[in-house]
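Relying on the hints, combine the two individually framed chains into one complex.
Residue numbers (numbering that gives the first Met the number 0), protein chains in the order written: chain A, 0 to 357; chain B, 0 to 749.
Hints are computed from structural coordinates only; laboratory data are not their basis. Hints may contain errors.
Now the stretches of chain B that chain A is said to cover, found in silico as 3 or more residues with beta-carbon under 8 Å [stated by the list, open to error]: (1) 433 to 446; (2) 453 to 465; (3) 470 to 477; (4) 482 to 490; (5) 683 to 690.
Even for Gly, the Cβ is constructed at its ideal location relative to N, Cα and C.
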Amino acid sequence: MPSFDEITRRWKERVERAREYEVVQEDGEASDVFLESRVSGREYEQAQALLRSLLKRYQNVRLADALPGEMISNPHGSCFHIEHIDQWPLFNFSSEQSMEILLSDLKLLYGIGYVTEESLRGEGFSTITHLKDHHVWGTAAQRFLGLLQSADTPKLQNWLWHWLPKSHPKALCLAGLHDVTDFLIFDIETMGLFGRPIILIGCAQPQGETLIVHQYLLQEVSEEPAALSEFCGHVTKRTALISYNGRSFDLPYIRERLGYYGQGGVTECAHFDMLHFARREWRGSFADCRLTTLEREVFGHIRKNDVPSALVPEFYDVYLKTGNIGPLVPIIQHNRQDVITLANIFSELCRRWGNGDW
Amino acid sequence: MEIGKFIETFLLPSPQVEHVEVIPPRGPQYGDLEHELCPPLKKYLQTHYIRLYTHQAEAVDSILEGKHIIITTPTASGKTLAFNTPVFHTLFVDEDATALYLYPMKALANDQLNVLLHLEKATGIKVFSSIYDGDTPQNARAKIRERSRIIVTNPYALHQYLPWHQKWARFFQNLKIVVIDEAHTYRGVFGSNVALLLRRLRRVCDRYGSTPQFVLSSATLANPEELSRRLVGEVCEVVSKEGSGRGQKFFLFWNPPFLDDHKIVRRSPHQETVDLLTTHLRHGFQTLCFTVSRRMAELVATWAKNMLAQEKDDCADRIATYRAGYLPQERRRIEEKLRRGDLHGVVSTVALEVGIDIGSLDSVIISGYPGTIISTWQQAGRSGRGMEDSAAVLVAFDGPLDQYIVKHPQKFFGSSPEHAIVDLENPYILMGHVLCASAEFPLTDADTIFFGSQFSEARQELVKERLITRTPRGWIYSGLARPAEVVHLNAISDRTVTVWCEGELLETMDFVQANREVYPGAVLLHQGETYLVRKLDLVSMTATAEAKTVDYYTEAQEVTDVGIVERLRTKDSRIELSVGDVNVTEHHPSYRLKRYDRVLGHRPLNLPPVDFESVGMWFTVPPEVEDEVKESGCDFAGGLHAVEHGMIAMAPLYAMCDRWDLGGLSASFHADTGRPTIFIYDAFEGGIGISEKCYELFDDLVRATQELIRDCECEEGCPSCIFSPKCGNDNRPLDKQAALILLQGLLRQI
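In isolation and in its complexed conformation, chain B is listed as follows (with noise of 0.2 Å):
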């Protein structure tokens, strides 16, 4: 059976579907190349009966043209071929030249090295392709730099390499091409951070007498031209317009039944996702499900593996889950498996959300919003093999984000995808790639190209606390610690935390992950199978666990505190608005064993919190506003918790982040201010400058926060305006009523 046959037999008669948008076919449609490829390239082409669509001509051309480009095509496209033609053909017609490519996470570097391994063998053109990162052995290095002419790396490696310039410097004389793929990773403060890290490179590279071309690769967002220009500094020709042909697709919005007559309760979400995987590979579809968290994961495979194998159905051997924390040879098996069509489901995290190649699979479930239209749209491009038919469902979750989602599919279809933010003029992030600059080499003028207008004055500022001294060779760094290892391009954490079973690397984590799932007595799911975990060392850093059959699972309860450390300024004025360094702590004081989704049981934790200092801002509701939202009748911490998210949701308009750069904290009362409070942290150690920034632009954030959700259409919130994807509390308690009329009170106050 076809599967668009599958879907209009078996899902959308069920009332389940809330929403079936159906993406029509669209033909091939080929271009032809203006320049002429090399020999070897040209032969390659032909022997593997490969014609170029459309966008790939046009970014060809454009490559060769010697234009900067971003290429922003859907999922499987082609767009990997479309930049490494070009690639090779500049590689093949000099001699010398070299290039770069940066993925932003290791298992995509592994991946393309593959292609490019191949690609040079089939055209014989002399590459050497390597990766260079921090898994690449000591004693291999020296070699990479001295002869590959393609080198695959990571930004946070790149960050480490460039003050080793002169290491690199045939790499760097030749550098002529630098490609970046999975561009719309790089938004908010990391983007920030990425978008500095490139004028660094391209001030070593000009010093080395090389000007790069960059070449980036995107998922479909709103903004490539701004995205490309910030990233890298130069106008991008953006290449959008797909050429490649595309089956029918069927896009199912699914919203699990109610339990009950009064319409309270649904159906668990995981079960129906389980049921649709299930149903899925019984007609022989190959599947990939995407889920929220990793423990998701691995349930969803084992319970329906568990099903399936009740019905002695073969299938059940040919699922696996897909997660990070995985030992990179253990993923590899699974990805190959999945390109062979061994295993006929898998079920995922977002790792597989990026361009690693699985090839491409008949349907897709997403269980659960993944927050954004973009993730969403890179999620169900995962399935759809060449002009056939395919599928994707998303399977709506119990939360106000996830309801508003399936009930106004418009939204969805008909908005553009998400705004990626890059902002070059952060005085915290600029300052710290400055630093980085000043100790590759020195500083002079002429780097203002580089970085921007604030230069001279952030040098200035730099000189004064002698990080920096002005020298007659220009501005030397003359601080104490090598600035790449203080500055970070991410907030995620450098402490990884390994899992033992028997005297056996099981997996690894990172730091803050392990304290949620990594507990003693917590089980940890590994490809279903269940161990149980009997310590946890955070000196050491290694957890120990044991193989054991259980029938439970474990959740632990997250408590988020924010604690003020120290006030650092008060503006002046009725409301009590302050910003300054505060403590943001995660606790863990109990966890719960589950079956499916029955709890059986509390078991008390006793870990050490977690916590990092940040900066954040904070206000408090002056009494008479907090008795006017009561008065109302309306709920006032759901009013807060919507203010909280409607100004985290306007946050990035003003600070120029994104709004997972930021956390935020409602409390009817808070302990330190004796009020009830909003804050605004940065979710960066250490503090990065966004809810300073906030708080310099308090007035302007709570009248456009107003503004958002008073002229919202929606009745009780929406993703537009107080549903947040990321919170905690599954968007509850909000109350928008709430929400206005304490917004009105703090604007006549303002």
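Same shape as in the complex, but just chain A (with noise of 0.2 Å):
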């Protein structure tokens, strides 16, 4: 019978035919998200360049003297921690805007339509503060107020989300019921969509006029527990979590990690997937709605030295093969600069949509 290790690189032929990203001819149109498994030939090109040069430059590197960051323990073992303060502060709704904007929506209430609301209007009931001792809809009323009054964000959103899509603005101006410190912006690097390690967790935090970014690296795949608990750390139950894609992506691949090792769960709180805002806002004016897209023609930045986010997988893995940090560096840029620029898209969005008009 043919021995184990033939067997075994056989496998490990066929896992490595098997890549997630495509390469293609063209920049061609796909959705947003799905994109990211696309890579152009270009691209493909110029991230391999770039690949050998950073083997080249941090030959011999040790990872502490290359990133600012230092080795942190917890119960579930230890990982690399690098903090990042950026001067950036965020822009939030005002809670009073939102209340407003809120409260003048009698349809949010279950039983109205645009014509009752009309002749609710009509009899002088213009908010559902108004509402709140109508014999009809006076219950309804009061169990919407007093989930305002306690902010109470996740159970708000899935009241939202039965009256309108997750797109609609008005599911952003929850936001304003959260302090800016609530916030918890996040980001995650992995080995692949799904069964595969988390190899680097970026989340930040608003303190006064800065935004704080922690990013919290697996030196080695056996990092993972840690990193996922220093993450856990950071979500109570006022969190509210904001992503791009990460309700579909980030979110469940964390849960699913955290289940891979019988680790509990993330808290419940609330979460804001910008990308179903920034779509509504931006869809037809650009090419597409990736992250590094907006950010280009939104917000004018453009990265030098990115990483595609396809190839993230690949460079992790040659730095684990080879032990040269290199290909880590661009890694941990590409997900910080995706921290900062999804905190922008929400600062941007709740100025646009602040005043109520959209």
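What follows is the structure in structure tokens.
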């Protein structure tokens, strides 16, 4: 019988052949998120050149010397922590703005449609607050007001999604019920699309006029439980997560990995997935709604020496194979820039939609 | 007229009957349950006047005692009720309990769902039975995972869902019973994959604190204990003594007549089948006819229809074809009509061999030996209503295998059905599933229970290639692609071609099949209608056809070739024996236009060949052995071909596979070796370790093949030695004597 090592090599080949991105000839069109799994021939060539130069530049350089960070430990092990302070305050709706926008829409109560709303307004009920003693709508109005008062955004999100599309500006308005310090803007880098380790978790918390970006990097895959646990430590019931496609990808991925290790879950909290809102605002304006496209078109930032998302797994794999930290450098930068741009998109949309005019 | 009388009057006197086996009737035997069923089930059985047969009672009791079991009673003996009853009882007693039903194909899952929904309604036991597979709409999935207590699925789907076990936490935590129906289909490489998939299922259940009980149901086969133990990893009690009653069955072997005085050419078995089918139908017997190919199913139905229509017999409208490729709704409609008796004759491929509920029929015509004893009995079992008489007629084809079977009925009726082989130690398959398991949750030493003694060695090698990584939490998956996407349970390609006619989807077929059947110019037969294929687009994977009445059909010529890509190892001996990567090509250089069995003309075809890379072993025949065979006056090519068949027949004993897992080729001259060569290759893309094992055990394999052929009592070959049920050349040429000289020659060199 063929030996195990020969068979393992065959499996390795099959796994490598089954890469999850495709190199396409031209920057063809595709839906925003799935675009992440396509790389143009030019991007691919550039990335390979970048990789070569990084391997050369960072030969024999230690991680802590190249990236300002340190090893941290928790009961789940250790990982590498990089902290970065960005001078970019987060702009949010004011709570008054939010309250006004939400309360003026009677249709948020179950059973009230356009016609009923019209006639209620005629009777002088112009906000949900006015309805709180109404003989028909009073109970519903009081429940809604109760949620607003306690600023129970997770429940309010569900309430709104019943009546409105996920991308509706009113759904973003709920952010106004949060203090800026509640926000946790996050993005993960992984070794693939599900079922493989998360290699880097980036999350940012606003503090005063700054944004503090924490990045938890795995120096080896065994550090994943520790990184996951650090991330979970940032999430409380009051947290409001901000992500880009995080409802479908990042958060389920984190949950899956926690489950993989039998490590409990992420505290349930509000979650603003900016992909939905960004598509509503910018669909059709640019070639696509990828984060990097918006970064370039809306904020005028052009990335240099970036690693395309789809190639992150390969870069990390080269690091694991060679021990050369070069390939990690652009991954860290890429992830940090994603988090910062995400914060900017959030601020920009709050600014644009804050006057209730959309 | 009763069918028995009909057979005696119209068929038995015919000289075409080579053999008739009368299987005597047997009265039903009822059994009493030792266990008390829950009130709703008790009431259900009472109000439906159901008395359990002995084997059903035995199965129910064993399951309720918590035993793993395998039920191997024949088709239509009430196996479904035997496991549904205890499952529902368990789900009644424990309101959280869940059960998983595995079916090898989607059509069966649909069928079973109807049975479950009926039982649910009749007993009032709330289980929310659902199918969950690739066809389940996305928006229905979460709800099914959250509340269904019986989920019906297939192994391919389970393989994809296991990595998502967290979403299934409730279901797995409460999993009490796993039902595996049609267990005999899980043999060979497919069976080995399913066995390891079930280890992964047990491992996941173990993590969620459940230890489900396994209930298997299977066609009659030679080794039910062994198959079940290997499949699920537990000793299963065998329930095989059937208690259901059966009427008398006439099993006829029918050989088409010779057309010439020299007894060389027989009449077409297809025409013979059409005659038999129409004779049955004219006398009002509901008949199911099995054919060996899709095309033949369509043609036989059309020919029978035409014949009856000419006679102005209404029956002409009550004939239908049934086969894979039809859209599910269309298949449902045919099944339903057959059950209701609206259809009198259905011509089907093996698609109806498995347990789809079509009721029981008066007679079954098997056009061409299906290749295995298991299949033949499954097909024959489709006839027989309660205690009424029934018939089965096997129409022999011209090839040596069919001819041998009908000439030696004792070889068929006196033999036990085939062994179903499952190999848990094939390192290829094992490693694939260890990889999958590592992506489900970290591997630990405790997993040896599931993956056996080779586990730690496999794990160690996977670490070396960094496919898995050792961490304090165990060994975690660290490859770059999802293992469940890389590991395939079966050789079936997931590339499907859709066939369109005027903007409507006509049918779907596998990519390889499409190359054989829907090339430009091909006539596609669909429910008796003819469609002319205009275009086959292999990029968009679509074929376009137009409805057009033509009075011919088409048949693509098929050429299979094996080329050596890379020689990996060569054995040092006087026989040039190698193992390596091979490229298997199926090519269709032309097609024939045919009317009935007459060839009207040839047309060239210009399609790219379909090929796949695999691993194969090959050896060349030394010149002196070649000379020896030729000097003896025997047919050298026939000898090579016979040796190839014999070796493939013996390989399962050494390589723990099914003969269908292997392909072979023998050539009197092969371009890559420059010598007479025999190839044996894995019928799986990328190889699966079988031919490598044949390479390692080559000497034993040659010796065993020589003994097999030498000791076989036949004169010119038979299915027990050199006839292959899957030969692409219809078992021609074959020369037993040449094979023996060749093998002796080889043995002298070893």
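Here is how each hint holds up against the structure:
no.	hint	result
1	433 to 446	holds (count 5)
2	453 to 465	holds (count 9)
3	470 to 477	holds (count 6)
4	482 to 490	holds (count 4)
5	683 to 690	holds (count 3)
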